[in-house]
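Start counting at 1 in the sequence shown, then tack on 4, and there's your number in this note's numbering.
Just so you know, the hints here were simulated from the structure itself, not pulled from any lab data.
The following label-pair restraints were derived from C-beta to C-beta distances: (1) 118 / 55: 21 to 31 Å; (2) 113 / 159: 49 to 59 Å; (3) 204 / 156: 33 to 43 Å; (4) 287 / 35: 39 to 49 Å; (5) 155 / 122: 44 to 54 Å; (6) 226 / 107: 32 to 42 Å.
Mimicking BS3-like on lysine-lysine, the simulated pairs with C-alpha atoms at most 27 Å apart in a straight line are: (7) 253 / 130; (8) 152 / 232; (9) 17 / 271; (10) 137 / 261; (11) 17 / 35.
The C-beta atom is built at its ideal place from N, Cα and C for all residues, glycine as well.
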Amino acid sequence: MNVLCTGNKNKPKINTIVNNLYSFFESTDHKLYIDKKIENVVKEKSFDYLNLYKPSKHIDFVVSIGGDGSILSAVRRMGDSQLPIIGIHIGNLGFLNKLNKNDYIKVFKDILLSKKLKYENKILLKASFINNKSINDSILALNEIYIKQGEISRLLTLDVDINNKYLNTYRCDGLIISTPLGSTAYSLSAGGPIVSYDVNCNIINPVSPHTLSSRPIVINCNNEITIKCPNKNSNIMIFSDGQDSRFIKKNTKILIKNSDISAKFLKLKNETSYYEKLRSNLGWHN
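Could you build the full structure based on these sequences and the hints that come with them?
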């Protein structure tokens, strides 16, 4: 197998883990490549480098070193070329990572011995920006799309349609469109529901709405969400997973729907259950 390694170059332990992985792979018939994004961190001339933005077709899967943010970044950077991914957790949050700094070599031995990789698909949101009936840009998100006022902090007014049927006009500080995977991220902090990863839905969640009756709503994941700002003087910003952002021009419609591609997360034998992760990460007691 051929594996591409990426991660958060600001994590102090990334150099050690990359070198350990490389030494392990050299003892096998498999090949480890290093993402050019972290080339300046590992600084080893013997490494073979590839760009995660345009991964080679012969790469079987990607390993991300860091926290949840590292996986979010890696998934978006892959764009339409989604490869199976697995994370080694050395960050603050670990909802998306399945390995830790103590067990990753053992797990990689099992993965490389398997004849076929198993993975589960996760919803990717695609937000497209429409001017004069044509799409001029789009971004992907694994956790959520967040829309807020662009410059000063004031209430934002947004008209929201579902499948071209009017839903509501929200007056709020911002609006979150979340996947089930993202329901334990920003949406949860804004009072949204926790939704199991395997439920095919998305969440519309207003942040600090002007009226108490404006509550989060769970919709079918196949529905299309159209968002317009009736106030032509408002400048809007849109964020993807809290990392990528765009300023939205006036008179622009935002169309949010499931992407035609999915993120692919490697499945492991005897991996921690979703509900066990909830208990651990949210501090629930037995």
